[in-house]
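Participant: Listed below, chain by chain, are the residues.
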Amino acid sequence: GENVEQHPSTLSVQEGDSAVIKCTYSDSASNYFPWYKQELGKRPQLIIDIRSNVGEKKDQRIAVTLNKTAKHFSLHITETQPEDSAVYFCAATNTGNQFYFGTGTSLTVIP
Amino acid sequence: SQTIHQWPATLVQPVGSPLSLECTVEGTSNPNLYWYRQAAGRGLQLLFYSVGIGQISSEVPQNLSASRPQDRQFILSSKKLLLSDSGFYLCAWNKGRPLFDYEQYFGPGTRLTVT
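For the protein sequence lines, the chains are A and B, in the order given.
Note that the numbering used here gives residue 29 to position 11 of the first sequence, counting from 1, and the numbers run on in steps of one.
Note that the numbering used here gives residue 113 to position 29 of the second sequence, counting from 1, and the numbers run on in steps of one.
The hints are simulated quantities; they were obtained by calculation from the structure and are not laboratory data.
It is possible that some hints are incorrect.
What the hints assert, rightly or not - Calculated Cβ distances over 10 Å to all of chain B for the following chain A residues:
{"id": "1", "residue": "Q32"}
{"id": "2", "residue": "S36"}
{"id": "3", "residue": "V38"}
{"id": "4", "residue": "K86"}
{"id": "5", "residue": "Q99"}
{"id": "6", "residue": "S103"}
To be verified - Simulated restraints, written as ranges between beta carbons of each label pair:
{"id": "7", "chain 1": "B", "residue 1": "N114", "chain 2": "A", "residue 2": "D35", "range": "37 to 47 Å"}
{"id": "8", "chain 1": "A", "residue 1": "T96", "chain 2": "B", "residue 2": "S161", "range": "41 to 51 Å"}
{"id": "9", "chain 1": "A", "residue 1": "V38", "chain 2": "B", "residue 2": "G100", "range": "44 to 54 Å"}
{"id": "10", "chain 1": "B", "residue 1": "D185", "chain 2": "A", "residue 2": "N85", "range": "22 to 32 Å"}
{"id": "11", "chain 1": "B", "residue 1": "G125", "chain 2": "A", "residue 2": "Q63", "range": "15 to 25 Å"}
{"id": "12", "chain 1": "A", "residue 1": "R79", "chain 2": "B", "residue 2": "P102", "range": "38 to 48 Å"}
{"id": "13", "chain 1": "B", "residue 1": "G125", "chain 2": "A", "residue 2": "Q99", "range": "21 to 31 Å"}
{"id": "14", "chain 1": "B", "residue 1": "E143", "chain 2": "A", "residue 2": "K89", "range": "16 to 26 Å"}
{"id": "15", "chain 1": "B", "residue 1": "T197", "chain 2": "A", "residue 2": "T113", "range": "32 to 42 Å"}
{"id": "16", "chain 1": "B", "residue 1": "S101", "chain 2": "A", "residue 2": "S70", "range": "38 to 48 Å"}
Said to hold, decoys possible - Below, simulated DSBU-like cross-link-like pairs (lysine-lysine); rule was C-alpha separation at most 30 Å, straight line:
{"id": "17", "chain 1": "A", "residue 1": "K89", "chain 2": "B", "residue 2": "K179"}
{"id": "18", "chain 1": "A", "residue 1": "K86", "chain 2": "A", "residue 2": "K55"}
{"id": "19", "chain 1": "A", "residue 1": "K60", "chain 2": "B", "residue 2": "K163"}
{"id": "20", "chain 1": "B", "residue 1": "K164", "chain 2": "A", "residue 2": "K60"}
{"id": "21", "chain 1": "A", "residue 1": "K76", "chain 2": "B", "residue 2": "K179"}
{"id": "22", "chain 1": "A", "residue 1": "K76", "chain 2": "A", "residue 2": "K40"}
{"id": "23", "chain 1": "A", "residue 1": "K86", "chain 2": "B", "residue 2": "K179"}
{"id": "24", "chain 1": "B", "residue 1": "K179", "chain 2": "A", "residue 2": "K60"}
{"id": "25", "chain 1": "B", "residue 1": "K179", "chain 2": "A", "residue 2": "K75"}
{"id": "26", "chain 1": "A", "residue 1": "K60", "chain 2": "A", "residue 2": "K76"}
{"id": "27", "chain 1": "B", "residue 1": "K179", "chain 2": "A", "residue 2": "K40"}
{"id": "28", "chain 1": "B", "residue 1": "K179", "chain 2": "A", "residue 2": "K55"}
{"id": "29", "chain 1": "A", "residue 1": "K55", "chain 2": "A", "residue 2": "K75"}
{"id": "30", "chain 1": "A", "residue 1": "K86", "chain 2": "A", "residue 2": "K40"}
{"id": "31", "chain 1": "A", "residue 1": "K75", "chain 2": "A", "residue 2": "K89"}
{"id": "32", "chain 1": "A", "residue 1": "K76", "chain 2": "A", "residue 2": "K89"}
{"id": "33", "chain 1": "A", "residue 1": "K55", "chain 2": "A", "residue 2": "K40"}
Positions of the beta carbon are idealized from the N, C-alpha and C atoms, including for glycine.
So here's chain A without its partners, still in its complex pose (with noise of 0.2 Å):
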């Protein structure tokens, strides 16, 4: 089955900085990567997905690349805020049914 590993675990950054939160996943048929923001106590929220077909995409201050070839893809948040502060969740599919998540990047921005 798939793996997923996410880097690193804890991230702390201050206000204004980027925050970069990388991901690789070990089955090459997998097609769709989306990522999840989890405030604490809350439900994982999606902000942001890729499907295989594209390399980048972005959505304001959020970005995400995927290298199929070196099976990666990575989450970028420029000019952090402190309410960017939240557990970010990594995932992949090849199905639509089966997701492997990543075990979660710990991210506090310091005013």
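Based on these hints, arrange chain B on the given structure of chain A.
Facilitator: Okay, now just chain B, sitting in the frame of chain A:
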């Protein structure tokens, strides 16, 4: 628009007691439905998923079971809870056939504490 509900929001149960958690989705037909568990400070573990009424796929063998008695209703059950069943239980959905879409959305969750 689509809405997903879960109840109860919190639950405290003694070891050995039964469990029933319910999830319903509004505003869509034939959704794919999922149960995940999240232990404290940990990632998301897929427990079950369903692509239709009565169709359940189990990802992890354990003392939990799932049922889908209606198109937009998904139930997670246990006959006897273990301490290790404590966690945050999340229901999720995405669009099923013929409008299948990978985008998956989570319900508000049920926080279960087994004492």
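Participant: Could you run down the list of hints and mark each one as holding or not?
Facilitator: Evaluation of the provided hints:
1. Q32: 25 Å, holds
2. S36: A:S36 is indeed farther than 10 Å from all Cβ atoms of chain B, at 24 Å.
3. V38: The claim holds: A:V38 sits with its nearest Cβ about 19 Å from chain B, beyond 10 Å.
4. K86: Non-interface label stands for A:K86: nearest chain B Cβ at 16 Å, farther than 10 Å.
5. Q99: Label holds. Min Cβ-Cβ 23 Å, cutoff 10 Å.
6. S103: Holds: least Cβ distance 15 Å, greater than 10 Å.
7. B:N114 to A:D35: 37 to 47 Å: 45 Å, holds
8. A:T96 to B:S161: 41 to 51 Å: Holds, since A:T96 and B:S161 (Cβ atoms, about 45 Å apart) stay within the stated range.
9. A:V38 to B:G100: 44 to 54 Å: Check passed, 46 Å falls within 44 to 54 Å.
10. B:D185 to A:N85: 22 to 32 Å: Roughly 24 Å apart at Cβ, these two residues keep to the hinted range, so it holds.
11. B:G125 to A:Q63: 15 to 25 Å: For A:Q63 against B:G125, whose Cβ atoms are near 18 Å apart, the range 15 to 25 Å holds.
12. A:R79 to B:P102: 38 to 48 Å: Since A:R79 and B:P102 have Cβ atoms about 46 Å apart, the given range 38 to 48 Å holds.
13. B:G125 to A:Q99: 21 to 31 Å: At roughly 24 Å between Cβ atoms, A:Q99 and B:G125 fall inside 21 to 31 Å, so the hint holds.
14. B:E143 to A:K89: 16 to 26 Å: Hint holds: Cβ distance 22 Å, inside 16 to 26 Å.
15. B:T197 to A:T113: 32 to 42 Å: Between B:T197 and A:T113, where Cβ atoms are some 33 Å apart, the hint holds.
16. B:S101 to A:S70: 38 to 48 Å: 45 Å, holds
17. A:K89 to B:K179: 26 Å, holds
18. A:K86 to A:K55: 23 Å, holds
19. A:K60 to B:K163: OK: A:K60 and B:K163 at ~27 Å, within 30 Å.
20. B:K164 to A:K60: Distance ~27 Å between B:K164 and A:K60 Cα, so the pair holds.
21. A:K76 to B:K179: The hint holds at about 24 Å.
22. A:K76 to A:K40: 16 Å, holds
23. A:K86 to B:K179: Since the Cα atoms of A:K86 and B:K179 sit roughly 26 Å apart, the hinted pair holds (cutoff 30 Å).
24. B:K179 to A:K60: 22 Å, holds
25. B:K179 to A:K75: 22 Å, holds
26. A:K60 to A:K76: Judged against 30 Å, a Cα distance of about 25 Å means the pair holds.
27. B:K179 to A:K40: 28 Å, holds
28. B:K179 to A:K55: Status holds; Cα separation ~21 Å.
29. A:K55 to A:K75: At roughly 17 Å apart (the allowed maximum being 30 Å), A:K75 and A:K55 satisfy the hint.
30. A:K86 to A:K40: Roughly 13 Å between the alpha carbons, so the hint for A:K86 and A:K40 holds.
31. A:K75 to A:K89: 16 Å, holds
32. A:K76 to A:K89: Distance ~19 Å between A:K76 and A:K89 Cα, so the pair holds.
33. A:K55 to A:K40: Given that 30 Å is the threshold and the Cα spacing comes to 14 Å, the pair holds.
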